[in-house]
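If you want the building blocks of each chain, they are given just below.
Protein chains: 2
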Amino acid sequence: MVEKRKPIPVKEAVDRVMKRAAHVKSESVPLEEAYGRILAEPVIASHPVPPFDRSPYDGFAVRSVDTKGASGESRITFTVMDHIGAGTISSHTLGEREAVRIMTGAPLPAGADAIVMLEQTVIDGQTFTIRKPFAPMENVSPKGEDAKEGEVIVEAGAFIQPGVIAVLATFGYTNVQVATRPIVGLLATGTELLEVNEPLEPGKIRNSNGPMIAAQLKRMGIDCRLLGTLPDDEDACFNMVKEAIHECDAVITTGGVSVGDFDYLPSVYKRLGAEVLFNKVMMRPGSVTTVAHVNDTFLFGLSGNPSACFVGFELFTRPALISMMGNDKPYLPYTKAVLTADFAKANPFNRFIRAIYESTPKGSFIEPAGFNKSNSVTSIARGNAFIVLPGGTRGFQKGDEVDVLLIGKEEGVESWMLN
Amino acid sequence: MVEKRKPIPVKEAVDRVMKRAAHVKSESVPLEEAYGRILAEPVIASHPVPPFDRSPYDGFAVRSVDTKGASGESRITFTVMDHIGAGTISSHTLGEREAVRIMTGAPLPAGADAIVMLEQTVIDGQTFTIRKPFAPMENVSPKGEDAKEGEVIVEAGAFIQPGVIAVLATFGYTNVQVATRPIVGLLATGTELLEVNEPLEPGKIRNSNGPMIAAQLKRMGIDCRLLGTLPDDEDACFNMVKEAIHECDAVITTGGVSVGDFDYLPSVYKRLGAEVLFNKVMMRPGSVTTVAHVNDTFLFGLSGNPSACFVGFELFTRPALISMMGNDKPYLPYTKAVLTADFAKANPFNRFIRAIYESTPKGSFIEPAGFNKSNSVTSIARGNAFIVLPGGTRGFQKGDEVDVLLIGKEEGVESWMLN
Numbered sequence: 001m002v003e004k005r006k007p008i009p010v011k012e013a014v015d016r017v018m019k020r021a022a023h024v025k026s027e028s029v030p031l032e033e034a035y036g037r038i039l040a041e042p043v044i045a046s047h048p049v050p051p052f053d054r055s056p057y058d059g060f061a062v063r064s065v066d067t068k069g070a071s072g073e074s075r076i077t078f079t080v081m082d083h084i085g086a087g088t089i090s091s092h093t094l095g096e097r098e099a100v101r102i103m104t105g106a107p108l109p110a111g112a113d114a115i116v117m118l119e120q121t122v123i124d125g126q127t128f129t130i131r132k133p134f135a136p137m138e139n140v141s142p143k144g145e146d147a148k149e150g151e152v153i154v155e156a157g158a159f160i161q162p163g164v165i166a167v168l169a170t171f172g173y174t175n176v177q178v179a180t181r182p183i184v185g186l187l188a189t190g191t192e193l194l195e196v197n198e199p200l201e202p203g204k205i206r207n208s209n210g211p212m213i214a215a216q217l218k219r220m221g222i223d224c225r226l227l228g229t230l231p232d233d234e235d236a237c238f239n240m241v242k243e244a245i246h247e248c249d250a251v252i253t254t255g256g257v258s259v260g261d262f263d264y265l266p267s268v269y270k271r272l273g274a275e276v277l278f279n280k281v282m283m284r285p286g287s288v289t290t291v292a293h294v295n296d297t298f299l300f301g302l303s304g305n306p307s308a309c310f311v312g313f314e315l316f317t318r319p320a321l322i323s324m325m326g327n328d329k330p331y332l333p334y335t336k337a338v339l340t341a342d343f344a345k346a347n348p349f350n351r352f353i354r355a356i357y358e359s360t361p362k363g364s365f366i367e368p369a370g371f372n373k374s375n376s377v378t379s380i381a382r383g384n385a386f387i388v389l390p391g392g393t394r395g396f397q398k399g400d401e402v403d404v405l406l407i408g409k410e411e412g413v414e415s416w417m418l419n
Numbered sequence: 001m002v003e004k005r006k007p008i009p010v011k012e013a014v015d016r017v018m019k020r021a022a023h024v025k026s027e028s029v030p031l032e033e034a035y036g037r038i039l040a041e042p043v044i045a046s047h048p049v050p051p052f053d054r055s056p057y058d059g060f061a062v063r064s065v066d067t068k069g070a071s072g073e074s075r076i077t078f079t080v081m082d083h084i085g086a087g088t089i090s091s092h093t094l095g096e097r098e099a100v101r102i103m104t105g106a107p108l109p110a111g112a113d114a115i116v117m118l119e120q121t122v123i124d125g126q127t128f129t130i131r132k133p134f135a136p137m138e139n140v141s142p143k144g145e146d147a148k149e150g151e152v153i154v155e156a157g158a159f160i161q162p163g164v165i166a167v168l169a170t171f172g173y174t175n176v177q178v179a180t181r182p183i184v185g186l187l188a189t190g191t192e193l194l195e196v197n198e199p200l201e202p203g204k205i206r207n208s209n210g211p212m213i214a215a216q217l218k219r220m221g222i223d224c225r226l227l228g229t230l231p232d233d234e235d236a237c238f239n240m241v242k243e244a245i246h247e248c249d250a251v252i253t254t255g256g257v258s259v260g261d262f263d264y265l266p267s268v269y270k271r272l273g274a275e276v277l278f279n280k281v282m283m284r285p286g287s288v289t290t291v292a293h294v295n296d297t298f299l300f301g302l303s304g305n306p307s308a309c310f311v312g313f314e315l316f317t318r319p320a321l322i323s324m325m326g327n328d329k330p331y332l333p334y335t336k337a338v339l340t341a342d343f344a345k346a347n348p349f350n351r352f353i354r355a356i357y358e359s360t361p362k363g364s365f366i367e368p369a370g371f372n373k374s375n376s377v378t379s380i381a382r383g384n385a386f387i388v389l390p391g392g393t394r395g396f397q398k399g400d401e402v403d404v405l406l407i408g409k410e411e412g413v414e415s416w417m418l419n
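Protein chains in written order, with full-length UniProt numbering: chain G, 1 to 419; chain R, 1 to 419.
Just so you know, these hints were derived from the structure itself, not from any lab. Be careful, since some hints might not be right.
No copy is singled out in the list; a pair is fine if it fits within one copy or between any two copies.
[To be verified] Pairs of lysine-lysine, BS3-like flavour, derived with a Cα cap of 25 Å:
| no. | residue 1 | residue 2 |
| --- | --- | --- |
| 1 | Lys345 | Lys398 |
| 2 | Lys132 | Lys4 |
| 3 | Lys19 | Lys280 |
| 4 | Lys6 | Lys218 |
| 5 | Lys143 | Lys25 |
| 6 | Lys68 | Lys6 |
| 7 | Lys68 | Lys218 |
| 8 | Lys398 | Lys336 |
| 9 | Lys270 | Lys68 |
| 10 | Lys398 | Lys362 |
| 11 | Lys6 | Lys280 |
| 12 | Lys218 | Lys329 |
| 13 | Lys362 | Lys11 |
| 14 | Lys25 | Lys373 |
| 15 | Lys143 | Lys218 |
| 16 | Lys362 | Lys329 |
| 17 | Lys336 | Lys280 |
| 18 | Lys143 | Lys345 |
| 19 | Lys270 | Lys329 |
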């Protein structure tokens, strides 16, 4: 008899997974290796930025009080007493109508409280004249204007992008406390699978899901433990999965989750005492995607069909792993775009169609990336987004605006915005 | 005297850079290391996909001719002769009203040309009945429906994302010919710069641009050669830059490109005989960004101000390096969003304001990421996009729709869509 499964909505499935995503530990890494990791602690300003009153221009540091009354008719003359570049401190304290020639980035000398830009002067040897008064702190980047000492600059949980690296460097973080990366194991199932280096045989295909998932993980900065192929035997499957969950935070399997005669995973989950969060989702492709959870380890049972496998990973595995690292933007970015092709068929379930998204000043457009059955592999290679057609809708026409999820952003977004 | 420079429009500056981006060589890498690289050769289907007529369901393989006339009132009975899973070939050739029980992914046995899904049958021991006729090839994934043998599946120049990995695996590419990564050297300038591990000193700041650029390069998969800090001496600068261009495809410097008294790079470019593509761009921040070119090597003279440095890299260095690898999507993705804050000031030049972009079913919104002077470092850490306010415009109000460039996409787009 074929087991009857009760499908649940995609959003409900996403929520069930995310509720189980417990945080991993943290570790310290050198700044040079911190790009792409998730901050385990906030970045705190260890000093004000800039750390001193700073000249943002090439010019002359003056006392604003000496500039009072300057005009085109009544120019005021200053005498240059010193000349400093960035990184240099002038030992001179400004007296009346004295100035220090100063370059961008240098600290104001003692007594100075304004910067006259070079182009605001007429220079004559060691003197120059100005023709307008300057207010206190005019043309000055005051100490602390960018950041105050003790201020939280970046919150814990943030993705470490290049700008975060810049503030870490500014504040002298030679080492950074980041979330450890979840340990993810990968088990393929399917007696039809050949390795990439094997010649094709009748009835067989090469395992493309394994390398694909390894790359999906690598895109997130996560290495994948290749744990081999599950044998065509339920007891052996059980033992391999049991061993995998001991060493991994998440075990991904491809194939074997359906209700076919050789799909052993459902009974393996049962024997492991795993809680099956769902085993049928109202979506195409990937409706058989199963997620289970046991001893703090996720079991992601993805479809063996390439397109379905890809969708299952991006919708469930990716956000769970990101959330485990403490990041609060685990979801694929949402946008809208205008369809450039008809989708005549009705959609009983949510459909995720691999597609090519383009945004231009004339609008945002999306077209299917080719052949889009669940077993397609070529359309995965061509797309950069999913068209999402909600379940319960009739067909869509060219020109209709549709929901889109973008694939391949280094950072995600905070919430799942679809049903 | 202060040198007068003639600023050119951003688009013109981008074009001048891109015209000089010559392709680098290619190399072979193992499939496991190919993610994130650029294909140097197209991916060609070495066999049809699927490679055989394939069952997309769990069910029974039958001869469609035997199903003619089946109805609820006149069910037709079949006898099951064999039972195969994926990867298995049945040795049985179907005779009249014979069937083979078949699982998803298995090849159709000889004689069969249709699949009856399990749920379309009533099973009784070794027989089952059907109540509707099946057309030839009904419920069959025919050989080659996804890809024909010899078809170009992915063009040369494509970014190798996980879907490309899947097709490479499918077609048995254990090694992949990819573009070599450009060799990029980084030289900091500025006597005010401390290393990240040094304690703060009066008048000095830590070098944040170096680690930031290294991370911007790492985001593109490119390692950066840290070539040190340029000394405060023109001859020594000349010698260091000259050495750098011999070993690098691109040399990035930060600071020292302005017209200040300690800015030696303009004269270094002259002594090298480099062609200066531009040294002033109509943009804020980063108007002093300079790009020069000599002996097939780019010299990217980025501003020493962190925000300006970041912008200069993303607008000029990034697309040039991507284009050198033969990829045709080197530009930051464009989108539009509604401003959530006023920008009262007029914009004589194009402004690139580091900002936080969010797209939701209710619309796309963008807000500035905080303090946005060219010397700001904190706003770089907080944003994921640039607000682009065109030069020659008056202020913008909250609620206005503005141009946006997205930062941090793994892939870019094909064209520069802004002026």
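Honestly, which of those hints from before does the structure not fit? Violated hints: 4, 5, 6, 7, 9, 14, 15, 17 and 19; rest satisfied.
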